[in-house]
Amino acid sequence: MTATHELPTNVKQTSEGGQELTSADVVAAGERLRELGAVLRLSENDALVAEREQVSDDETMIINMGPQHPSTHGVLRLMLELQGETVLRCKPIIGYLHTGMERTGEELTYLQGPTNVTRMDYAAPLFTELAFSLTVEKLLDIEVPERAIWIRMLMTEMNRISSHLLFMATNGMDLGAVSMMLYGWREREEALRFLQEVTGLRMNHNYIRPGGVAADLPDGWRDGVLRLLDMLPGRLAEYDTLLNQQPIWRERLQGVGAISADECLALGVTGPILRSTGYDWDLRRDMPYLAFDQVDFDVVVGSYGDCFDRYAIRLAEIHESMKIVRQCLEKMPKGDYRIQDKKVTPPPRARIDESMEALIHHFKIFTEGFKVPEGEAYVSIESPRGELGCYIVSDGSSKPYRMHVRAPSFVNLQSLPHLMHGSLVADAVAIISSVDPILGEVDR
Amino acid sequence: MTDIDAQGGEADTPAEIAPETLFDTLLTRSHEQLVLHPMREKYSSLLATLHSAGYHSVIDLCGVDYLTNDSRQLPEGIEPERFEVVVNLINHRERARLRLRVQVPETDPVLPSAFNLYPGTEAMERETFDMFGIAFDGHPDLTRILMPEDWIGHPLRKDYDVGRIPVQFKGAPANR
Chain E
1 MTATHELPTN VKQTSEGGQE LTSADVVAAG ERLRELGAVL RLSENDALVA
51 EREQVSDDET MIINMGPQHP STHGVLRLML ELQGETVLRC KPIIGYLHTG
101 MERTGEELTY LQGPTNVTRM DYAAPLFTEL AFSLTVEKLL DIEVPERAIW
151 IRMLMTEMNR ISSHLLFMAT NGMDLGAVSM MLYGWREREE ALRFLQEVTG
201 LRMNHNYIRP GGVAADLPDG WRDGVLRLLD MLPGRLAEYD TLLNQQPIWR
251 ERLQGVGAIS ADECLALGVT GPILRSTGYD WDLRRDMPYL AFDQVDFDVV
301 VGSYGDCFDR YAIRLAEIHE SMKIVRQCLE KMPKGDYRIQ DKKVTPPPRA
351 RIDESMEALI HHFKIFTEGF KVPEGEAYVS IESPRGELGC YIVSDGSSKP
401 YRMHVRAPSF VNLQSLPHLM HGSLVADAVA IISSVDPILG EVDR
Chain S
1 MTDIDAQGGE ADTPAEIAPE TLFDTLLTRS HEQLVLHPMR EKYSSLLATL
51 HSAGYHSVID LCGVDYLTND SRQLPEGIEP ERFEVVVNLI NHRERARLRL
101 RVQVPETDPV LPSAFNLYPG TEAMERETFD MFGIAFDGHP DLTRILMPED
151 WIGHPLRKDY DVGRIPVQFK GAPANR
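Chains as they are written, first to last, in my numbering: chain E, 1 to 444; chain S, 1 to 176.
So here's chain E without its partners, still in its complex pose:
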């Protein structure tokens, strides 16, 4: 194959060896503008300013932040070019958590698939399972029962609450509001307790599977939901008092790391970051899946696209998710929690003792898996971090020929250079935190 990329001739040297952030004076002018303006076309005026801003190499310093830095949410490494305290350029370096999950997905049957994909976004595992299952169901051309749809909605919204609570905790921790960290983890634990009651596990549930869900809701699930719904409003009001009203918190976040809607669209950025710019886009409402067209909720948007908006949107989305959960509680239909198609889902346990055929189906599904007709499909859902898509190519066998997951964090990370340009090093932490990347999903 032909390699079109040639190594830069002039690479900055640090004590760690050569650093691939190309030295500023060998970067072609156009490319440099793209880097400065986060890869977007600048207006003539902006370009002039950028031209004037040009600094020579010996005034700047390159430092590495991460991969072991505690505020990089795992193993994100950032290469920062600094002039004094100001960040000029930034390059995210990822791959430290790469475990080849897309390749693993090709070796697992469709039934085993959710076990694999659930480990991608470990803060919101049910969403990846849902995207995978919806894609497989599209390829199979099957409809899951009503109850399964509503269980999926209930569980994913609960998961969205727990994921956003985790964001509240880590965002607080990154900015030094350590009490917020404790409160966030505390409430998240309550949400996880409900998920555990239903799925048996706190994380990596493997609960949503092609054909429905793994098990029906347990007895007393309504109490579990109500407990959370009763507890959260008071706690969220505490967050509001603790953070929104607090001058230090506002100073740290307001006006930091601003981005515009056009830039978000060009960069493919989705989710709370896109909404923080005032762009009204939520797949749950605009391209509804499951039964989101039958529930009533608001899409919360910001106006400045800064770190504070991204924080406030997530706080408000917890309220919206609680609204949806309450409606799921009211509207939860009776019926089967998975499709009764012997070729896709295993037969009920009791049937295996009575029927030879059921036993055979059971055996076939767990050894060989079920076959999926040839074709390809892409299905996307709104995860807490943005558009989560799954693209599967099937060759007619019981394993995906190609399984690709469009991870929102992976794409959202591209906004970092833009968000950070011109801000202070101290704000870098606030900006990473507000993007809320989950590195398991970034690296897959």
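Warning: the hint list may mix true and false statements.
Claimed, not checked - Some but not every residue of chain S turned toward chain E, in silico, with C-beta under 8 Å: (1) Ile145; (2) Ile152; (3) Pro155.
What the hints assert, rightly or not - Cut-off 30 Å, straight-line C-alpha distance, at most; resulting in silico cross-link-like pairs (BS3-like, lysine-lysine): (4) Lys371/E to Lys399/E; (5) Lys364/E to Lys158/S; (6) Lys331/E to Lys342/E; (7) Lys399/E to Lys343/E; (8) Lys343/E to Lys42/S; (9) Lys371/E to Lys42/S; (10) Lys42/S to Lys158/S; (11) Lys334/E to Lys323/E; (12) Lys399/E to Lys342/E; (13) Lys158/S to Lys399/E; (14) Lys323/E to Lys364/E; (15) Lys342/E to Lys371/E.
These are computed hints drawn from the structure, not numbers from a lab. We put the CB at the ideal spot given by N, CA and C, even for glycine.
Fit chain S to the given chain E structure using the hints.
Below, chain S alone, put in the same frame as chain E:
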């Protein structure tokens, strides 16, 4: 799933008589999703057309290696090649999605980069390069993104051996 609305208006054209086209490109439907099959040479100009038609975001870009899969359906006139680059675009205003499937031959795995129009494809093209060895002409920084820099081979190719690889710490003394 109301993933894709009927778009383009020529949905009533019987497919047997004339092949369906959209934006002068062959169109097929896969589970009600619209799929365009541009030639490699037309890829860049199609992207420019789509961009001005309101498809402002490339939401996803990935590669597929069809080495061991000969069951795929392609419209008449599209020569199947080993690699395929799959691009998902979204039109927020019309709430429509489009998917492009571009054939990329094994002997010359190069595709023009979409970076100038859609800067968001930067990381995705790097990932496709890393995993499949498909080069993107005009990409500002076409290096490995997920695998280590000195890695040999492209792991998602079907002829890449998934066998054992020597681990770095194999020489470390055992605990007992």
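Hint numbers the structure violates, sorted upward?
Result: hints 2, 8, 9 and 14 break, sorted rising.
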